[in-house]
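Enquirer: So you can see what is in the structure, the chains are spelled out below.
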Amino acid sequence: MSVAVLGIDWQTLADAVGLGAIYALMAVGIGLVFGVLRLVNFAYGQLVMAGAYALAFASERGWPVSVGIVLCFAVVLVLSLLMDRIVFRPLRAQSPAVMLVATFAVAFLLQSIALLWFGPLGKISASLATLNQPVTISGVDIRKIAIVATVLTAACLLVLVLLLGRTRVGLHMRAAAMDFRTAELLGVRAGRVIGAAVLISGLLAAVVAVMLTVQTPLVTPDFALRDTIFVLAGVVLGGMNRLVPATLGGFAIGFASGLLGGALPTDQSQYLPSFLFAAVILVLLIRPGGLFTREGQQAVERV
Amino acid sequence: MRRVDPIIQLLAPIALVALAALVGTIVSTSTETYVINALVNVAIVVALYVFIGNSGVLSFGHISFVAVGAWAAGVLSMPVEEKPAIMPNLASLLRDHTIGNVWSLALAAAVGAAFALVVGLPLMRLSGLGAGIATFGVLEITHNVLRYWEKIGPGLNTFSAVPESTGLLQASLGAALAVVVAFAYKRSRFGRLLSATREDAAAARAVGVSVYRQRLIAFVLSGALAGFAGGLYVHLLPVNTESVYLDLTFITLAMLVIGGATSLWGAVVGALVVSGVDSFLAEAESGIHVFGQSLDLPAGTRIVVVGALMALVLILRPAGLTGGRELSLWQRHPLRVLTKFAR
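Protein chains in written order, with the numbering used here: chain A, 1 to 303; chain B, 304 to 646.
Chain A extracted, bound-state conformation (with noise of 0.2 Å):
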């Protein structure tokens, strides 16, 4: 059975719709820190390979797969935190530009981090291969990772619009990123904010560091470099502006590549990145604001 298009089969759709799914969230949390920060963490993609370690860390020592994650979750937390706390907190009178090349240097940091302690060679994380069978629907085999990440991704979103719509601290991260400053006068207070979205953009990233594992089990120290970058264009192609428009530019990024890797030739297949960036400048040129936006909600840089 196979969709008649381009001759792509159902699994290599599963398998985009669950990339685009983890992709998503990883936009999520670069978005949720972009809102309130104006920074864009380059160095986001180095908090989930932090959390992929902890992760293979456990399954070496042959540690049940739940004590994995807790650890994953506990590291990415902290890592998170400390990299707010000792470098983006200092920079936060800075112009966006310098905070992007700051978290360019963290990013190199850790990656080099990650390879003097692990060395080049890298990790096998394998308590969760049993997500990559395959379940059979109605004659289909589908990898139960696509599902658990879709469902997962789903989830998330999901608790994250109640948390956003609903409490107060939501209220005010959404009143912090429409407008920092009158946020902050009407009462809003700037730590708490901030504080709220790097914890909720690192436990994002430790999701997605589980769900990555899987896909890709083994863990080395530029593991999630390429994801971050694909990310960071859908960001910049959604609408870096706001966090619907970035998910579903991560979302997109993510289909688009799993579906047009899996199904095209690879001598086509190896120009996707440069077609996906030039579409970005693109958008950068033509709608600074973003595909998914509306007239109207075009990015302003806060000066």
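If you are wondering where the hints come from, they were derived from the structure by calculation, not from laboratory data.
All C-beta atoms in this analysis are idealised placements derived from N, C-alpha and C, irrespective of residue type, glycine included.
Any given hint might turn out to be false.
Going by beta-carbon spacing under 7 Å, a handful of chain A positions derived as facing chain B [what the hints assert, rightly or not]:
1) Leu13
2) Val87
3) Leu100
4) Ala102
5) Leu109
6) Ser112
7) Ser274
8) Phe277
Calculated lysine to aspartate or glutamate pairs in the DMTMM-like style (CA-CA distance at most 25 Å, straight line) [unchecked claim]:
9) A:Lys123 <-> B:Glu545
10) B:Lys386 <-> B:Glu453
11) B:Lys454 <-> B:Glu545
12) B:Lys386 <-> B:Glu467
13) A:Lys123 <-> A:Asp222
14) B:Lys454 <-> B:Glu385
15) A:Lys144 <-> A:Asp9
16) B:Lys454 <-> B:Glu502
17) B:Lys454 <-> A:Asp267
18) A:Lys123 <-> A:Glu184
19) B:Lys386 <-> A:Asp267
20) B:Lys454 <-> B:Glu467
21) A:Lys144 <-> A:Asp267
22) A:Lys123 <-> B:Glu467
23) A:Lys123 <-> B:Glu588
Following the hints, position chain B against chain A.
Expert: Relative to chain A, chain B alone:
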């Protein structure tokens, strides 16, 4: 007194380059390679400075100009009989011709400038984050295309068999040339107009300066310098797509930021200081003896140290080691930092 300052602003970086070259002549051959590499880095960082420093706009894309420069010089200066082994799918025009060292460097600069013009025409409308991400996109595209398009280069292979003409002399002359060009640009009408747009874009526009045009001029000039530096680079060591990608982008940006992005002096100091630290650590990674102590650092220490150094400088001294100022005997410039980039 005021007349002396510009002379010092040119001579100080040149003297530093000459000093590095002098160090290169007295050390062992293996250390000399580090010195030559440091001098090529000076050329790259000065190229970055011409655009980033004077305009205050971030660019992650300059290493793609280094890459196309390296490709142009490497492909055309490799001996014809070596080409089929390394570049089997090369277009016939490139396959059958070889040019000399100096011509290849000139070609590298021309290709770098041409590419920068093509990229800059649309991109110079952007600034801030948009510019950062779009230029990063340029780096990704260039890397991706050079990696797989085997008609114009070695693809995944390495540029071996390119004549290794970048010795100490060529590297120091190249670095000095880059410094002189950057200095001349900074002192020219164009350079002054561009720094005016950096300090206050609205005011510069109000007196009739075209921000777009001034940025484009600087972008093309720095593209030429970066391409030229790429030519030097490919004549120094066997380059491949990975050696002109993220790592080099990171380290050269770190050099610029650590030295102080808004001054030529800062660019040269940053390039040499970070190269020095980096080479020392690289040597230490393979085991050395310092003051009777044996030092053996694990692989990866270099980037950790450079990354930490860069983060520290950004946090503690965002204008860089030199404060982003040119060297001045009378310290007439106020200490405060005005520039957009470092605020």
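Enquirer: Determine for every hint whether it applies to the structure shown.
Expert: Hint check results:
Hint status for leucine 13 (chain A) relative to chain B: violated, with the closest Cβ pair at about 25 Å, above 7 Å. At about 6 Å, the closest approach between the beta carbon of valine 87 (chain A) and any beta carbon in chain B falls short of 7 Å, and the interface hint on this residue holds. For leucine 100 (chain A), the interface hint holds, since its Cβ comes within 7 Å of a Cβ in chain B; the closest pair sits about 5 Å apart. Interface restraint check for alanine 102 (chain A): the shortest CB-CB distance to chain B comes to about 5 Å, inside 7 Å, so the restraint holds.
Proximity of leucine 109 (chain A) to chain B holds as hinted, the smallest CB-CB distance being about 3 Å (cut-off 7 Å). Because the smallest distance between the Cβ of serine 112 (chain A) and any Cβ of chain B comes to about 4 Å, under 7 Å, the interface hint for this residue holds. A distance limit of 7 Å between C-beta atoms decides the matter here; for serine 274 (chain A) the minimum to chain B is near 5 Å, and the interface restraint holds. Look at phenylalanine 277 (chain A): its Cβ gets to within about 4 Å of chain B, closer than 7 Å, so that hint holds up.
Taking the CA atoms of lysine 123 (chain A) and glutamate 545 (chain B), the gap is about 23 Å. The hint holds against a cut of 25 Å. Of the supplied pair hints, the one linking lysine 386 (chain B) and glutamate 453 (chain B) holds, its CA atoms being roughly 12 Å apart against a limit of 25 Å. Proximity of lysine 454 (chain B) to glutamate 545 (chain B) is assessed by CA-CA distance (about 18 Å); at most 25 Å being required, the pair is judged to hold. At most 25 Å may separate the alpha-carbon atoms for a hinted pair to count; lysine 386 (chain B) and glutamate 467 (chain B) meet this at roughly 16 Å.
Our distance criterion of 25 Å between C-alpha atoms is met by lysine 123 (chain A) and aspartate 222 (chain A), whose separation comes to about 12 Å. As the CA atoms of lysine 454 (chain B) and glutamate 385 (chain B) are separated by approximately 16 Å, the hinted pair is consistent with the 25 Å bound. For the proposed pair lysine 144 (chain A) and aspartate 9 (chain A), the alpha carbon gap of about 16 Å is at most 25 Å, so the pair holds. With a C-alpha separation of about 44 Å, the suggested pair lysine 454 (chain B) and glutamate 502 (chain B) falls outside the 25 Å cut-off, and the hint is violated.
Among the hinted pairs, lysine 454 (chain B) with aspartate 267 (chain A) is consistent with the structure: their alpha-carbon atoms are about 14 Å apart, no more than 25 Å. Between lysine 123 (chain A) and glutamate 184 (chain A) the CA atoms are separated by roughly 45 Å; this puts the pair beyond 25 Å, and the hint is violated. A threshold of 25 Å between alpha carbons decides the hint, and for lysine 386 (chain B) with aspartate 267 (chain A) the separation of about 23 Å falls inside it, so the pair holds. Annotation: proposed proximity of lysine 454 (chain B) to glutamate 467 (chain B) holds, straight-line Cα distance about 23 Å (limit 25 Å).
Using a Cα cut-off of 25 Å, the hinted pair lysine 144 (chain A) and aspartate 267 (chain A) is violated, with the two alpha carbons roughly 29 Å apart. Restraint check for lysine 123 (chain A) and glutamate 467 (chain B): not satisfied, since their Cα atoms lie roughly 39 Å apart, outside the 25 Å limit. Note on lysine 123 (chain A) and glutamate 588 (chain B): the hinted pairing holds, with a Cα-Cα distance of about 22 Å set against a maximum of 25 Å.
Comparing the model with each numbered hint stated earlier shows that hints 1, 16, 18, 21 and 22 do not hold.
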